[in-house]
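Trainee: Next come the chains, spelled out residue by residue.
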Amino acid sequence: MSGNIHGLSWFPNVPDKFVSWGQEINLYEIRTKDDGLQKSRLPYIPANYLSNESRYQYARVVAASYHSDQAIIAVGLADGKIGICNFRDTYDCSWEYTPRQQRLCTCLAWNELDANILAIGHDRHRTDSCITIWDIDRGVPKDTANFFGLTESANSLCWDKNHRTLIAGMSQKMIKLFDLRQSTATCQSIQTKTVQGLSVAPNGNYLCSYVDSTIIVWDLRAIDRPLRQIQSSRNHLQISWCPTRTSLLSSLQRELQYITLYDIRSVDMDTSREVYHVKKQISPFPAKYQTAAKCSSVNWLSWHSRDFERALIVADAVNILDFRLPATLHTAKNNRRKLPLLMQRPLYAPASPSSTQPTSSCSTNSSLDFSSVGSALSFDFIQPELFEEDLVNETRERALQDYGMKPDCKRFGELHLTPYLRNVWSTLCNVYHEDRLTGLKTTLGINIAQTSEALMASPRIESQVLQWPDGINNSNKLICYRSEQRDLALQLCGWSTEPELERFVDELYGHKEFSRAAMICVFHLKIFYACNILSTAADSMRDPSMYRITAIALSSFNADRCSSTWRNQRSSANMQIKDPHLRAIFSFLTMEKDNFEAVLNEEAVSLADRMAFACKYLSETKLEEYVKLQIHKAIETGDLNGILLTGESLGGIKILQAYMDASFDVQTVALVAINFFTHDHFMDHRIQYWISSYLDCLNSWGLWEKRAELDIKIENIRTSARSSRSVYLACNFCGKSVSNALLDEPRPRSTSTSTNKLSSCPSCRKPLPRCSLCLMHMGTMVNINTGENPAEVQAWPSKPFSKWFAWCQTCRHGGHTEHIMQWFKQNTECPVSSCSCRCFDVDGIKPNTVRDIS
Amino acid sequence: MFDVEPILADHKDVIHDVVFDYYGRRMATCSSDQTVKIWDEDEHGKWKVASSWKAHSGSIWRVSWAHPEFGQVVATCSFDRTATVWEEVIGDKVNTTTTTVPPTRRWVRRATLVDSRTSVTDVEFAPKYLGLLLATASADGIIRIYEAPDIMNLSQWPVQHEIANKFPLSCLSWNTSTYMVSQLLAAGSDETATPTGKVFLFGYSENARKCVKMETINDITDPVTDVAFAPNAGRTFHMLAVASKDLYIVNIRGFTDSSGNSKLDLQTVKFSDHNCPVWRVCWNMLATMLISTGDDGCVRIWCINYSRQWKCAAVLKAEGGGPTYEPTLPTPSLANTASATAKFYKKGTIGNQVPWH
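Residue numbers (the UniProt record's numbering), protein chains in the order written: chain A, 1 to 854; chain B, 1 to 357.
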């Protein structure tokens, strides 16, 4: 490598070549794909090293010229000498210029219109001028017309794009404009401190200059006052306009890894023009570079004159990187499954196939399709597992499948539910007893207010010492508790009572819940039955080993003999046995006297099973403790199974809230509340809020029917508070209810009279509104196209929506929905002759969304 | 699984904002080219520009949809110091003979809000339950809340509240939910000079009968370009995403202190994965996903993981951007393979200047 690189520059008219300077001056060419086998000399950019310029070391400034035939640079050195180099000719003294007084060369600028003209800026000297114009074709400048600024210093130089006007920042305090079109140059000067760097915008109208952390934008056509001042927090290093955009100014700042871009805009107000900017900061480093170098910074930037928004940058003073401004993607919050991405422009420049490519060697990757913008997006999945469950999509799918509309466990088979939710719903269905979700806490009579002694004194609890079956010889005496409440609790947990146990276990077996069936058998001390279950299950399994081994272990289990050995094994075995139910079996068989902790804390066994177990074997005080602990845990973790214990209570709402906070799943929370929290707590503001949020979700997806179904369900819950009816048909004239009269007419009539029974208000005898199409009065039946049987028509509640009346809310004209729908299939205007209301378009319903309503 | 839908916006200049309506079937975009475009989705799920019009005489910063209950109404704000309310109306020309041609729709200017003396940087309709309310933020630091007292008459928008701040404001966001907190409005400032808190939370004070500043988020001292409240379907805490030098998520919990005043408990989490300042943030509808866009155009998607930590799950990049060249490895033995796998494609050139602006 060639040491530090101070700067680089594209050749404006030699598109693929660039020069870098620093310790050495090197010329490179961007290579095309053909010569890709040769190792690039620069690690981050595919460029061929062409040649170098060894005469000038430690160049102060280098400028690439506008010559289109060859790559020419001007080099300014610390002693004031200026050299011209074309990387081809050997040493030639006529291409060198030395000022009369030796001092630092500060800046160089080539003229774009006349490529041979170079402006040179030097530091201050009291007997010499600081700016020299050199026409390199005509030899070293001697004419006084070529010298400007006696006893001043030049800080920066640049040429106007359109005229031969040289703009110079001078003596730290002013910008001078030298118009060189006439033989005697005229000079205009502006007082400003921003003279460190100058740059003219690609359209030639704007000039910007900077000092320290201030950028000032000027209009060259009216340069007396600045257009805008841009202040930043750090000092600027270099500013330049992007040549392929009209108003994009880039700035590098000291020791910063970003390129700062100012998009400069103007707006014409009533009297004045106001200029503003949009600032962006972009890190130009590819990800690989960033990981390699810890704290990178951008030192220099050179825009490519033709390639769109392309630049070369010098990073960390050693590396050269190729950089293109990335396209910005826009996205917004919405309720769709796909993430919409809005792009400013096609991701690749629309190179039409017919257009002649400048170099035949340029190739396109076959996987990149120009016509489809999607293929040019790059996805980088960092944690793809987080996308596996998309709650929004799931919520929508579940809503479409009538999730939670009927709390019937069997129906959940068809739904996309996680095993967890499936389990919760079936548990809650079991507990839902006599139209109430009571909760085991209440069922078991556990109440914080009551003292546990009182409960212990309760005579209803029987305890019973269970006998282990023959052959097991367990000296541990198991005490089993029973009471009415406990029996009920067992039932609510989904367990059956002793006599029906076999049937229940067989049922589980049928559902392929082998290990759970075995576990329940073992808990009932029917160990041999459990062995049977496991060994038959093992036959039908693909991987039978675990069941088989368990079966063998159970069959030869002898508590007194092997429990201590088992106990030793258990801790390690627990790690390895994957099936929680089998783990629970072993824990149960090896427990110490009265110590059920291992079973009770087996989190993977469902809470219902654990509760049932607790109801069977725990004494009253311990049971109470256990229930309270589990409720506390459920509230902490947001475990919906905890509702089994709390039932419909404030504790239950707390569990729902905790689940909501953890999962954001408003659907489940709302539906659990609608299905089970229907009594005292339904009007709790939290529940009402969840329900309304969920209804709002359904609305936003346009799932009106699902929402209406849910609304009906909710209304039915509120029966107690329900007013008889909230919608009345009232007469326009007297304001009395018409619909009451329609309903309160139970007298049997002939069909013909009943269809025409109401043409006027029953109380004031004024005519009722008529359908604007069939001219029949409201309340009359529509009997076109329907070979109906009269019984169906007369039954008021079964009247379908299409037979109802509907009004336009704008013009107040209306009629039978069916007629109106038909009318608007063919017409856009209201059916009433003099009315030009476009009733149907008012809603913004698109024609294709209009469906037949039956 | 996750899917994206690329849409090509034919704005002639930088796009500043994209917003979907309540149903997600219409989209509004605004740009520095001073136009607003309304997009509709056709039967095949493709987005088509339904209307496009020059709305302002400066860059349009933001656009906002009103709730559909109030009709098809959008509001825009611009550098030209105004915010404007637009409504879609059905064209006057009546074509009674055929219905195959959909009725012509156009957007009419209903009101121009000219109170600001500087650029209006953000505009947002309030959540529906507050009525037809509109908040604007401007570069002179004033938040104005306008209300249309008669929702049938969109030409009257009297200023209801005016909150002055010391700092220029760049963005605001209504909290759509009042679950367990009072009504909240967040605003951010892009002021660069002072290292003080740049995000402010405003609420309605019953005692003072006006909107007051409730809280300043002091953890965020860098200039803020965007704030977004997460939709809250009933969590006990509210989330505010802040786009600044880094991405922040602020968890906000309302509580009542001993003297009975309602207070806010703030908890700020910072994410520095963007290697550049963050430009825009938005949430999905259940707030399970946060999407942030950096200044470099890179979109990052954040999901919450099992332990309730936000993690960056994916990065989306437009490949036109970065260099396609792979750096060669420094080890000489691998030099051959490295340069063989190195790719550099020229994607085509652009004839000199692109006439934007």
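Wrong hints could be hidden among the right ones.
Stated by the list, open to error - Below 35 Å or equal to it, Euclidean Cα-Cα: the simulated DSBU-like pairs (lysine-lysine) are:
{"hint": "1", "chain 1": "A", "residue 1": "Lys173", "chain 2": "B", "residue 2": "Lys311"}
{"hint": "2", "chain 1": "A", "residue 1": "Lys338", "chain 2": "B", "residue 2": "Lys245"}
{"hint": "3", "chain 1": "A", "residue 1": "Lys176", "chain 2": "A", "residue 2": "Lys193"}
{"hint": "4", "chain 1": "B", "residue 1": "Lys46", "chain 2": "A", "residue 2": "Lys193"}
{"hint": "5", "chain 1": "A", "residue 1": "Lys628", "chain 2": "B", "residue 2": "Lys263"}
{"hint": "6", "chain 1": "B", "residue 1": "Lys245", "chain 2": "A", "residue 2": "Lys706"}
{"hint": "7", "chain 1": "A", "residue 1": "Lys706", "chain 2": "B", "residue 2": "Lys263"}
{"hint": "8", "chain 1": "A", "residue 1": "Lys628", "chain 2": "B", "residue 2": "Lys245"}
{"hint": "9", "chain 1": "A", "residue 1": "Lys654", "chain 2": "B", "residue 2": "Lys46"}
{"hint": "10", "chain 1": "A", "residue 1": "Lys279", "chain 2": "B", "residue 2": "Lys166"}
{"hint": "11", "chain 1": "A", "residue 1": "Lys736", "chain 2": "B", "residue 2": "Lys128"}
{"hint": "12", "chain 1": "B", "residue 1": "Lys48", "chain 2": "A", "residue 2": "Lys654"}
What the hints assert, rightly or not - Estimated spans, in silico, between C-beta atoms of each pair:
{"hint": "13", "chain 1": "A", "residue 1": "Asn568", "chain 2": "B", "residue 2": "Asp219", "range": "45 to 55 Å"}
{"hint": "14", "chain 1": "B", "residue 1": "Asn153", "chain 2": "A", "residue 2": "Cys837", "range": "38 to 48 Å"}
{"hint": "15", "chain 1": "A", "residue 1": "Met174", "chain 2": "B", "residue 2": "Asn153", "range": "42 to 52 Å"}
{"hint": "16", "chain 1": "A", "residue 1": "His433", "chain 2": "B", "residue 2": "Thr216", "range": "47 to 57 Å"}
{"hint": "17", "chain 1": "A", "residue 1": "Thr536", "chain 2": "B", "residue 2": "Phe255", "range": "53 to 63 Å"}
{"hint": "18", "chain 1": "A", "residue 1": "Glu636", "chain 2": "B", "residue 2": "Asn153", "range": "20 to 30 Å"}
{"hint": "19", "chain 1": "B", "residue 1": "Asn251", "chain 2": "A", "residue 2": "Ser378", "range": "43 to 53 Å"}
{"hint": "20", "chain 1": "B", "residue 1": "Ala208", "chain 2": "A", "residue 2": "Glu636", "range": "51 to 61 Å"}
{"hint": "21", "chain 1": "A", "residue 1": "Asn4", "chain 2": "B", "residue 2": "Val159", "range": "53 to 63 Å"}
{"hint": "22", "chain 1": "B", "residue 1": "Glu5", "chain 2": "A", "residue 2": "Lys633", "range": "34 to 44 Å"}
Stated by the list, open to error - Chain B stretches covered by chain A per the calculated footprint, using a threshold of three residues with CB under 8 Å from any CB of chain A:
{"hint": "23", "segment": "27-37"}
{"hint": "24", "segment": "143-156"}
{"hint": "25", "segment": "162-170"}
{"hint": "26", "segment": "252-264"}
Just so you know, the hints here were simulated from the structure itself, not pulled from any lab data. We treat Cβ as the ideally placed atom computed from N, Cα and C, and that holds for glycine.
Trainee: Hint by hint, which ones does the structure fall short of?
Mentor: The structure breaks hints 1, 4, 6, 7, 8, 9, 12, 14, 15, 18, 19, 20, 24, 25 and 26; every other hint is satisfied.
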